[in-house]
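S.K.: Given these sequences and hints, build the entire structure.
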Amino acid sequence: MIVGGGGTGGALAHDLALRGLRVTLVERGEITSGTTGRHHGLLHSGARYAVKDRESAVECIEENRILRTIAPGSFELNDGLFVALTDEEAAYEKLFFDSCEASQIPARRVGRAEALRLEPNLNPDLRCAVQVPDGTMDAMRLPLRFFATARRNGADIRPFTEVVGMSMTTPTSVDGVQVVDRASGRRYDIGADLVVNAAGPWGEKISRMGGVDVPIQPSPGILVAVRGRFANMVINRLHASGDGDIVLPQRELSVIGTSSWVTDDPDHLAVPADHVEAMFREGSAMIPSLRGARIRASWSAARPLIGERGASTGRELSRTFKCFDHEADDGVSGFVTIAGGKATTLRAMAESTADMVCRKLGVDRPCATRETELLPHTAYYA
Amino acid sequence: MSSPVEPANDTHATSGTGRSVRFRVSRFKQGDRKPHYQEYAVEVAPETTVLDALTAIRRDQDPTLILRHSCYHASCGTCGMRVNDTEVLACVTEVTELGGGPVKVDPIANQRLVADLVTDMVDFYDKFTAVDQPLVRGSDAIPAATVPPGVPGFTRFENCIECGLCLSACPIVATDPRYLGPAGLAAAQRVLEEPREADAFSVLRLTDDPQAAWRCHLAFECTAVCPSNVDPAGAIMFLRRRLASDRVKSIFGSGWRP
Numbered sequence: 000m001i002v003g004g005g006g007t008g009g010a011l012a013h014d015l016a017l018r019g020l021r022v023t024l025v026e027r028g029e030i031t032s033g034t035t036g037r038h039h040g041l042l043h044s045g046a047r048y049a050v051k052d053r054e055s056a057v058e059c060i061e062e063n064r065i066l067r068t069i070a071p072g073s074f075e076l077n078d079g080l081f082v083a084l085t086d087e088e089a090a091y092e093k094l095f096f097d098s099c100e101a102s103q104i105p106a107r108r109v110g111r112a113e114a115l116r117l118e119p120n121l122n123p124d125l126r127c128a129v130q131v132p133d134g135t136m137d138a139m140r141l142p143l144r145f146f147a148t149a150r151r152n153g154a155d156i157r158p159f160t161e162v163v164g165m166s167m168t169t170p171t172s173v174d175g176v177q178v179v180d181r182a183s184g185r186r187y188d189i190g191a192d193l194v195v196n197a198a199g200p201w202g203e204k205i206s207r208m209g210g211v212d213v214p215i216q217p218s219p220g221i222l223v224a225v226r227g228r229f230a231n232m233v234i235n236r237l238h239a240s241g242d243g244d245i246v247l248p249q250r251e252l253s254v255i256g257t258s259s260w261v262t263d264d265p266d267h268l269a270v271p272a273d274h275v276e277a278m279f280r281e282g283s284a285m286i287p288s289l290r291g292a293r294i295r296a297s298w299s300a301a302r303p304l305i306g307e308r309g310a311s312t313g314r315e316l317s318r319t320f321k322c323f324d325h326e327a328d329d330g331v332s333g334f335v336t337i338a339g340g341k342a343t344t345l346r347a348m349a350e351s352t353a354d355m356v357c358r359k360l361g362v363d364r365p366c367a368t369r370e371t372e373l374l375p376h377t378a379y380y381a
Numbered sequence: 000m001s002s003p004v005e006p007a008n009d010t011h012a013t014s015g016t017g018r019s020v021r022f023r024v025s026r027f028k029q030g031d032r033k034p035h036y037q038e039y040a041v042e043v044a045p046e047t048t049v050l051d052a053l054t055a056i057r058r059d060q061d062p063t064l065i066l067r068h069s070c071y072h073a074s075c076g077t078c079g080m081r082v083n084d085t086e087v088l089a090c091v092t093e094v095t096e097l098g099g100g101p102v103k104v105d106p107i108a109n110q111r112l113v114a115d116l117v118t119d120m121v122d123f124y125d126k127f128t129a130v131d132q133p134l135v136r137g138s139d140a141i142p143a144a145t146v147p148p149g150v151p152g153f154t155r156f157e158n159c160i161e162c163g164l165c166l167s168a169c170p171i172v173a174t175d176p177r178y179l180g181p182a183g184l185a186a187a188q189r190v191l192e193e194p195r196e197a198d199a200f201s202v203l204r205l206t207d208d209p210q211a212a213w214r215c216h217l218a219f220e221c222t223a224v225c226p227s228n229v230d231p232a233g234a235i236m237f238l239r240r241r242l243a244s245d246r247v248k249s250i251f252g253s254g255w256r257p
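So the sequence lines, in the order shown, correspond to chains A and B.
For the record, in the first sequence the residue sitting at position 225 is 224 according to numbering that gives the first Met the number 0, with numbers rising by one throughout.
For the record, in the second sequence the residue sitting at position 31 is 30 according to numbering that gives the first Met the number 0, with numbers rising by one throughout.
Careful, some of the hints might be misleading.
Stated by the list, open to error - Some chain B residues flagged as far from chain A (calculated, every beta-carbon gap over 10 Å): (1) 9; (2) 17; (3) 25; (4) 36; (5) 37; (6) 62; (7) 85; (8) 97; (9) 98; (10) 148; (11) 149; (12) 192; (13) 219; (14) 222; (15) 228.
Unchecked claim - Reference listing, derived: stretches of chain A covered by chain B, where coverage requires no fewer than 3 residues with Cβ under 8 Å from a Cβ of chain B: (16) 32-46; (17) 273-284; (18) 294-304.
Hints listed in this document are in silico derivations from the structure and should not be mistaken for laboratory results.
All C-beta atoms in this analysis are idealised placements derived from N, C-alpha and C, irrespective of residue type, glycine included.
M.R.: In structure tokens, the structure reads:
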């Protein structure tokens, strides 16, 4: 039983279905209507994390390679370019490049003249650049391939089915979930050997229904889509992570992101005016013509970061993921939470969680998602 | 901006703005005989979208309201609906652009209704996948750019976001479910324009049918409502010219013979 129809839940349903388990997944709204569909659309190479968070960087490049193999045709083949604009950033380039190499991320040094040939709209004052295997993904259609394949392998996917409580025979035992089918209004219970909370930033709300607390900190960031492709590659600022430092081309749009704050309510995300202005300011530092671009949409998405209450901005929280076994941690059986992570690592998150699920259920079957090609996204609607 | 506190100045706010707008939302649950309208009032800011307003209704007033949404920037196509009788994506339709009156919200037409604003997209995909168009295409953007070493050639996603607005607006689809429809025909045109691995000949034959390229009545509603510059009507015109010219060529012994 999986609660949450985002990328994590979809990848987990796929993994468990391949291992032969009977899987039911419920999602409050449409599949990918939470954080997953709203993310930037960046297939990370890991370069963004190479200097400060080696673990995340290695995880990203491994998953980047696997996803290209199991989901061919789901990514724009465009690579990414990290551009240094200032003396300080040019000096940082060596550490950045070496850190990419140390994380096994294929990186190539690109001089100023070549960078401008590759991307004519870049700021002509740029100092140097590094090319890495970033890419553009479709934030909804990649996860849909996991859902489609899971369903083909027997998983029961139920969108518009909202969890309103846990079925608990004793205060320390989760035996299933109580749901409302929002298409009919019908209330019913679904029994389960194990309930996996994969609700992302809503995970804390779900965990409380089972009487446990998980340190999930919803950390929203803003994204701004403007009309026109201003680059072919994913353009990143070559510096320690900051705001508005990624410009990603997607279809006929360019998406600038992002910022970061923390909130307690992932259902109530602001689109602050000063953050929108910051996206234009920082984005146009790398690509000056973005300044006059016409806006298509601005929105916010809440990252499900793992952290302690009281974290101030979300930037210092880890981007890696963690599985919580509530039997071992809190004495509540039949209940597991997967938290953290990011879109690029959805398959790996699912593998770790499925390993834990199988261990708890006494199932001894290995993960097969690394080598199983996914059905096309359109198969979800078959 | 990495800020320690919840930021102010929400340009999409749905409370505290002092400007209230009435929404008449089509409601339907499985087992109901037919849909009915329900009214809600939502406060809006200058950039509050119809999607923001509907999710605020769900959050603050009525948790039973369901709708489809995902990307919030016109790239996933899930939040297609009819707002004041026009097909739009709710995520890029600002409430203040709609005038002051009540905003009427209906699900897209010509698809099976699941509940409230949610339709089943199976029929759409049945026709759309008939031509087997790949998701990625050769990139036509920024022609001055050089392709970097290690990249075989830039690619990008097809423009069609599979929202179904063209099928909802098409007067032929409304009367004849057998018609292949604008989204499928536009996809066929893309395959012919850039065949990639596809079998262009069978795609062309698929469109040469009374229920395909020849069925369109040139209403151009599809192109008018397309949020993604696909221009299905233009694609259908392209297909007809191509089919006509192939017939002429086959009479004179060149070109494809069916």
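S.K.: What hint numbers does the structure not satisfy?
M.R.: 1, 6, 10, 11, 15
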